[in-house]
Amino acid sequence: MSPRSYRQPVLILLAAALLAPLGAHCVQAQMIPADAVLRDFEPLGDYYLEVGGARIPEVELFRSEKAGSAVLVFGPGLRGVTLLQPRAHAVQTLSMTKVAKRADGRVDVLADAVLTPAGDFTIDGREISFTIEGKAARLREKPYLLGLHPGRDLLLHDATYSFRAKLYQPSPALVNALRQATKPVRIRVFFGSWCPHCQQMVPRILRLEDALAGSTIHFEFYGLPTLYGEEPEAKRMGIDGVPTGVVYRGNREVGRIAGEEWSIPELAIKKILENTPKSSR
Amino acid sequence: MGEAVAAGRSPGATKTWIGRAAAAALGLVLLVATVAKALDPQAFAEMLQGQGLTLGLPPLVAALLALALEGGLGLLLLLGVRRPWSLVAATLLVVTFVVLNGWDWWRAAHGAAMPAGCGCFGNLVQRSPAAAFWQDLALLLSLLLLARVGLPPRAASLPPRRLAAVGVGAAALVLLAWRAPELPLDDVATRLRPGIEVAKVCAGTTPRVCLTTVAPDLVRGRTWVTLVDLEDAAHWADALNRFSSQSGNPPVLALAAASPADVSAFTWQWGPSFPLHDAPAALLRPLYRRLPRSFLVEDGRVVRTLSGLPAADASRGEPTR
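So the sequences go chain by chain: A and B. Going by this note's numbering, the first residue of the first sequence is number 1, and it counts up by one from there. Going by this note's numbering, the first residue of the second sequence is number 1, and it counts up by one from there.
Hints in this document: simulated from the structure, not taken from any laboratory. Worth double-checking, as some hints may not be accurate.
Simulated DEER-style distance windows between Cβ atoms [said to hold, decoys possible]:
1) Pro194/B - Arg152/A: 16 to 24 Å
2) Gly248/B - Ala54/A: 40 to 48 Å
3) Arg126/A - Leu65/B: 51 to 59 Å
4) Ser307/B - Lys183/A: 34 to 42 Å
5) Gly221/B - Ser95/A: 17 to 25 Å
6) Leu65/B - Gln169/A: 49 to 57 Å
7) Glu233/A - Ser247/B: 46 to 54 Å
8) Gly134/A - Arg301/B: 33 to 41 Å
9) Gln169/A - Gly248/B: 27 to 35 Å
10) Gly221/B - Lys183/A: 37 to 45 Å
11) Lys235/A - Asp229/B: 27 to 35 Å
Anything over 12 Å on all C-beta distances counts as not near chain B; from chain A, calculated [claimed, not checked]:
12) Gly52
13) Pro76
14) Leu78
15) Arg87
16) Thr93
17) Thr97
18) Lys135
19) Leu145
20) Ser171
21) Val175
22) Asn176
23) Lys183
24) Ala211
25) Ala258
As the structure is a computational prediction, the values presented were derived from the model and not from experiment. Beta carbons: idealized from backbone N, C-alpha and C, even for Gly.
Build the full structure now, drawing on both the sequences and the hints.
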């Protein structure tokens, strides 16, 4: 064998040696079960992290009700994982290798994770203050998303929207029926990024928007403040609850969707389009 | 039940019969409305307070007095004490109801929050502000007008036995209202009882908000729903956390009439093991007399109700890590 023919197996062995610890971790992560309590963390989208006064946008936040509304903080720029446990007002840290992400977007802490005490946290209004890697850190609520936005802005603003959108499956039959619409339809959804009902319902609309991509039905989202009764656009449109969808065929308003009707948005839209006089179709 | 006519021209028998029947019907309506409100005096007190009708009295005292007045008037008319003064009192009461309903309707039509009050018929009748206004106007006003038909020009002395019965009845209504919160009458006194569909438990018209709006997942599977007061969390939060953490229990959902800021503060303070959603007071208030109150939902239908938390003894399964 020529020296050249030896080089390839050597390189493969070298690569294997370098990747072995990572592979071992993956195998280990797969074999070690999730902790019985610290599991089922879901994306927490209405807070962001500030460390030393600077926002760290890439950091991911997760909350688990099973774990007593504990919050996990990790991501680029942080060495380890920080765990905030509300009942004890305790802050703990653990290794990043002891956190496993699931395909559905949830996160578990592995059963053998070692939790190291790292002080406590204080609640100051809607801000949570603690120490992370020796620096003052704060979880702050995000400012509300206001004004006109495409759906993708909502997905970027709050990770909860994309997580919950994936959980909703619109009716294929209704989606197909809506795809038959030939005249352009525009649905402006007035919502509040602060509003819990919107956090339940808007992900369904975003999922439906995705399912209707390429059709003549288009969505736009208008974020309102908490006191939306005084917001000029809400006042002009007579919006008395969020989320409210104003359905336009062409430039003419043909119906509204509100409250309970959002449970199955594709059904609500279909009903409005069916009830529209033929002259406006 | 007839009046002894001492002087003046006696009205025809038919007119007298119509007047008596209408007065009795009006009395019955007032009595039913009084009993409905007496089953949940706290809700009635909150309604009076919200409408500024407590006349400076503690709300519960004002509520008990109002119940005695309305119930007493209802009994008077039902027992045939049909005098100008009793009909004037009934007129004032009916006008008050109609004006209050009209005010609620006007406010709802001009963007005010949905009224959380229980209305004239307590929680037994679920009506929109517009429906309440028109129904009361049509029913009570017509009965009131008919009750004046065949009124003798001058009546004899008051019937002492019937007046005594009215006094006893009014006192009994006050006693009922006083003790009602202790009686196991939640399913009777509220809109929440086994068998109802949660999708049909709604409030408001535009927009219409239902239990399935604030908790869409209730239409599938089994869930314990607990109505709570966040200000009183020290009395229930730990126990509900223990219950929701126990393996084998259905999932728990808590509902509170609270602001997003209150929900956030509660979450960081108490670390709930269950989701907590806020819901309009107008939706939740007719569902309980005292908090917490719980109900088990199976595939969108209420199958069980409880006063308090889902389980009194929930001592295992606390997350300890």
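Requested in this report: Indicate whether the distance between the beta carbons of Ser307/B and Lys183/A respects the range 34 to 42 Å.
Outcome: violated (55 Å)
Query - Assessment of proposed distance window 27 to 35 Å (beta carbons of Lys235/A, Asp229/B) - result: For Asp229/B against Lys235/A, whose Cβ atoms are near 33 Å apart, the range 27 to 35 Å holds.
Query raised in the report: Is the gap between the beta carbons of Gln169/A and Gly248/B within 27 to 35 Å?
Result: holds (28 Å)
Requested in this report: Grab the minimum beta-carbon distance between Ala211/A and chain B and tell me whether it stays above 12 Å.
Outcome: holds (18 Å)
Report task. Could you tell me whether the CB distance from Glu233/A to Ser247/B stays inside 46 to 54 Å? Result -> holds (49 Å)
Query raised in the report: When you look at the beta carbon of Leu78/A, is every beta carbon of chain B farther off than 12 Å?
Result: For Leu78/A, whose nearest Cβ neighbour in chain B is about 21 Å away, the distance exceeds 12 Å, so it holds.
Requested in this report: Would you assess whether Lys183/A, listed as outside the interface, keeps its beta-carbon beyond 12 Å of every beta-carbon in chain B?
Outcome: Consistent with the label, Lys183/A stays out of reach of chain B, its closest Cβ about 26 Å off (over 12 Å).
**Report entry** Least C-beta distance between Lys135/A and chain B, which was stated to exceed 12 Å
**Finding:** holds (21 Å)
Query raised in the report: Arg87/A: least C-beta distance to chain B exceeds 12 Å?
Result: For Arg87/A, whose nearest Cβ neighbour in chain B is about 4 Å away, the distance does not exceed 12 Å, so it is violated.
Query raised in the report: Non-interface claim for Pro76/A: all C-beta distances to chain B beyond 12 Å?
Result: Its Cβ never comes within 12 Å of chain B, the nearest being 25 Å, so this holds.
Query raised in the report: Is it the case that Thr93/A keeps its Cβ farther than 12 Å from each residue Cβ in chain B?
Result: holds (14 Å)
Query raised in the report: Does Asn176/A sit more than 12 Å from chain B, CB to CB?
Result: Fine: 23 Å to the nearest Cβ keeps Asn176/A off the interface.
This entry does not satisfy hints 1, 3, 4, 5, 8, 15 and 25, going by the numbered hints stated previously.
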